[in-house]
Amino acid sequence: ATGSLYAFSGLQYIGLPLPQDRFGAVLRYQTDHDTVGRATSCGPRTSRLMVKVLCEEAVRLGVTFMNNCTGIQMLKSDDGSEVTGVIAAERSKDKNKFGLCILKCSRLILATGGPGEMYRDSVYPQHCFGSLGMAMEAGIDVANITESQFGIGTRRFEFPWNLSGTYVQVMPYVYSTDEEGNEYNFLADYYRTTQELVSNVFRKGYQWPFHATRMANYASSLVDLAIYIEGRKGHTVYMDFNRNPLPVPGDKEFSLERLDDDVRDYLLHNDAMQDLPIDRLRCMNPLSIELYKMHKKDITKEALPFDVNNQHMNGGIEIDIWARSSLKSCYAIGEIAGTHGVTRPGGAALNAGQVFATRCAKHIIHSAAQVPDSTISKTNQDQVSNSIDEIERYFLNEDALHVRDIRNDIQARMSDHAGFICHVSEIGQALKDAQDLSAQIKEKGIRIKHEIDAPRYYQWRQTALCSEAVLTALNYYAQNGGGSRGARAMCSSEGSVVPESRNADLEEFRYIEERDEDKKIRIILKFEDGKFSIRERPIRDMEDPNTIYFEKNWGNYLTDKIYKDGFISP
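The sequence shown runs 578 to 1147 under my numbering.
Just so you know, these hints were derived from the structure itself, not from any lab.
Every residue, glycine too, gets a C-beta built ideally from N, C-alpha and C.
Worth double-checking, as some hints may not be accurate.
To be verified - No more than 25 Å apart at the CA atoms, straight line, and that leaves these computed lysine-lysine pairs for DSS-like: (1) Lys1026 x Lys672; (2) Lys681 x Lys905; (3) Lys939 x Lys681; (4) Lys1009 x Lys629; (5) Lys1021 x Lys1108; (6) Lys905 x Lys939; (7) Lys1026 x Lys1009; (8) Lys1103 x Lys674; (9) Lys1129 x Lys1019; (10) Lys955 x Lys905; (11) Lys939 x Lys1129; (12) Lys939 x Lys629; (13) Lys674 x Lys905; (14) Lys1108 x Lys1009; (15) Lys674 x Lys1108; (16) Lys955 x Lys681; (17) Lys1138 x Lys1009; (18) Lys870 x Lys629; (19) Lys905 x Lys1138; (20) Lys1021 x Lys674; (21) Lys1129 x Lys1141; (22) Lys672 x Lys939; (23) Lys905 x Lys1141; (24) Lys955 x Lys672; (25) Lys1019 x Lys674; (26) Lys1141 x Lys939; (27) Lys672 x Lys905; (28) Lys1103 x Lys1019.
As the list claims (entries may be wrong) - If you anchor each label on the Cβ, the simulated ranges turn out as follows: (29) Asp875 x Lys629: 22 to 32 Å; (30) Asn759 x Asp875: 44 to 54 Å; (31) Phe1144 x Glu1105: 45 to 55 Å; (32) Ile1145 x Asp1013: 11 to 21 Å.
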């Protein structure tokens, strides 16, 4: 994609240690929704290493960091058309009681990731709120927030981590236990043969996101559905790297000689034909073992509990080709931007964020941005005063709602009714319950227990708003006949497909197929005057690069016309 090599090479240039072969070419492999092998990695800590080299470069450039500082509300111009700054709270009371401060700016870039506190079953780190709710409160358009990504990972209250790649490509034994500790080889109820079972466990390595169509034809997302059903029974699901998978009853034992061709070829090419999963993992990715040891989990000795978690939001703020939002001077990049589509490979999403970051920076450079003066408008003064009044009102207020109750309410509703298994008949009630919670928060507020916890009031109010927004869009999509796509199965008695299994009755999970017409639109939401409005926007057609001629366009680059509003290639 345009700009991707530039962004990729930039990370290499500033020191990201991407692995290479002896010719200097970057090593690559297959990742989620990828058919050709266009991903690469530095191991399980790739994202941490990316942050490290970028932070080091920012330090070298003299960029100011404000540690423990949280944006809580956006400030706008008198007519509300342009962002002018942010109200923030520092975890320090050096300046005032609640650590409030104002960050003035002529340009604001939102790059805060997804709303990670919406789901109970989540692989986001705790307290990862993002700023999507803050953006919606400011009236910024959001797009495609029906689209998320769900996949297997370890549990949030332990060490939340995605279990893709070699963790499952070594084919550990996947089983569940009930409250009495009885063990169940539950996947054997779903797949017809041992070879089919273990080959689909392997495929979760690069097909780790749940995909509705892969529930059918005994494919890899039948694993996710089976885990979901075990969870509803109250069972805990584990993967054991010290045991090979047990056979499907009546079928042959597990054998490395009896695997689907793509699975066996992969293991052979990587010299990973050892007897046990842990030895295959030690061969292909020893750092993955050390990662869990760092978090007090030794997978060489004990089984690893896991489930299917919310992992990414693919929708977000609606942006243009320069990463500009609907609010003037406000940009969005990364996961908070609604650019990741329905089934995006993880590496492509990271790369897209880097591409838009560079485009955003170039646009700001060429848009005559100025350092703002220190004066604060009457409009902004009033907004700051209102924020202080709100915080004072709910500080130690026993009549206000408690964070614990709000968190449990939101997360249970989203995981149970807006997860990867979504029963169409339940969405309307879930939306009403979310609207009721937002109304209660508006009426009663949220109790602030400590002065340094002032941001929590806004973060949980905005998380409730995000939840309501997702359910609003999902309800609209469902009521207009939207079908299953990406990481969400729209289950209904009116569906045309029932997942097949060896023993289990899966009629409850009959699902509606995706329609071609839904691939042509984006669902846009806007929060205004205390409610959401919703509309559709056609997907933009890609401009044919063969019609963008050098001589006709060179001058537009030299004169900066490409950065002007409304510019279209001649």
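Consistency of the hints with the structure:
1. Proposed proximity of Lys1026 and Lys672 is supported: the alpha carbons are some 20 Å apart, at most 25 Å.
2. Between Lys681 and Lys905 the CA atoms are separated by roughly 15 Å; this keeps the pair inside 25 Å, and the hint holds.
3. With a CA separation close to 21 Å, the supplied pair Lys939 and Lys681 stays within the 25 Å bound.
4. Between Lys1009 and Lys629 the alpha-carbon distance is near 43 Å, which puts this suggested pair outside the 25 Å criterion.
5. Proposed proximity of Lys1021 and Lys1108 is supported: the alpha carbons are some 18 Å apart, at most 25 Å.
6. Our distance criterion of 25 Å between C-alpha atoms is met by Lys905 and Lys939, whose separation comes to about 16 Å.
7. With a C-alpha separation of about 29 Å, the suggested pairing of Lys1026 with Lys1009 is violated against the 25 Å cut-off.
8. Proposed proximity of Lys1103 and Lys674 is contradicted: the alpha carbons are some 34 Å apart, above 25 Å.
9. The suggested pairing of Lys1129 with Lys1019 is violated, with an alpha-carbon distance near 55 Å, which exceeds 25 Å.
10. Proximity of Lys955 to Lys905 is assessed by CA-CA distance (about 20 Å); at most 25 Å being required, the pair is judged to hold.
11. Between the alpha carbons of Lys939 and Lys1129 the distance comes to roughly 21 Å, so the proposed pair stays at or under 25 Å and holds.
12. For the suggested pair Lys939 and Lys629, the alpha carbons sit about 23 Å apart, so the restraint of at most 25 Å is met.
13. Note on Lys674 and Lys905: the hinted pairing is violated, with a Cα-Cα distance of about 32 Å set against a maximum of 25 Å.
14. In summary, the hint linking Lys1108 to Lys1009 is supported, as the alpha carbons are separated by about 13 Å, within the 25 Å threshold.
15. Between the alpha carbons of Lys674 and Lys1108 the distance comes to roughly 32 Å, so the proposed pair goes past 25 Å and is violated.
16. In summary, the hint linking Lys955 to Lys681 is supported, as the alpha carbons are separated by about 14 Å, within the 25 Å threshold.
17. The hinted pair formed by Lys1138 and Lys1009 fails the criterion: a straight-line CA distance of about 48 Å is larger than 25 Å.
18. For the hint pairing Lys870 with Lys629, the CA-to-CA distance comes to about 22 Å; that is within 25 Å, so the pair holds.
19. Between Lys905 and Lys1138, the direct Cα distance comes to roughly 19 Å. Compliance with the 25 Å bound is thereby established for this hinted pair.
20. For the hint pairing Lys1021 with Lys674, the CA-to-CA distance comes to about 22 Å; that is within 25 Å, so the pair holds.
21. At roughly 17 Å between alpha-carbon atoms, Lys1129 and Lys1141 fall within 25 Å of each other, so this suggested pair holds.
22. At roughly 35 Å between alpha-carbon atoms, Lys672 and Lys939 are farther apart than 25 Å, so this suggested pair is violated.
23. Pair hint Lys905 plus Lys1141 holds up; C-alpha atoms about 14 Å apart against a cutoff of 25 Å.
24. For the proposed pair Lys955 and Lys672, the alpha carbon gap of about 22 Å is at most 25 Å, so the pair holds.
25. This hinted pair checks out: Lys1019 and Lys674 have alpha carbons roughly 24 Å apart, not beyond 25 Å.
26. Among the hinted pairs, Lys1141 with Lys939 is consistent with the structure: their alpha-carbon atoms are about 12 Å apart, no more than 25 Å.
27. A C-alpha spacing of about 30 Å is found between Lys672 and Lys905, which places the hinted pair above 25 Å, so the restraint is violated.
28. With a C-alpha separation of about 18 Å, the suggested pairing of Lys1103 with Lys1019 holds against the 25 Å cut-off.
29. The beta-carbon spacing between Asp875 and Lys629, approximately 26 Å, falls within the hinted interval of 22 to 32 Å.
30. A beta carbon spacing of about 24 Å between Asn759 and Asp875 contradicts the range 44 to 54 Å that was offered as a hint.
31. In this structure the hint that Phe1144 and Glu1105 lie 45 to 55 Å apart at CB is violated, the actual value being about 29 Å.
32. At about 46 Å, the beta-carbon gap between Ile1145 and Asp1013 misses the expected band of 11 to 21 Å.
Figure legend: structure checked against the earlier numbered hints; hints not met, in rising order: 4, 7, 8, 9, 13, 15, 17, 22, 27, 30, 31 and 32.
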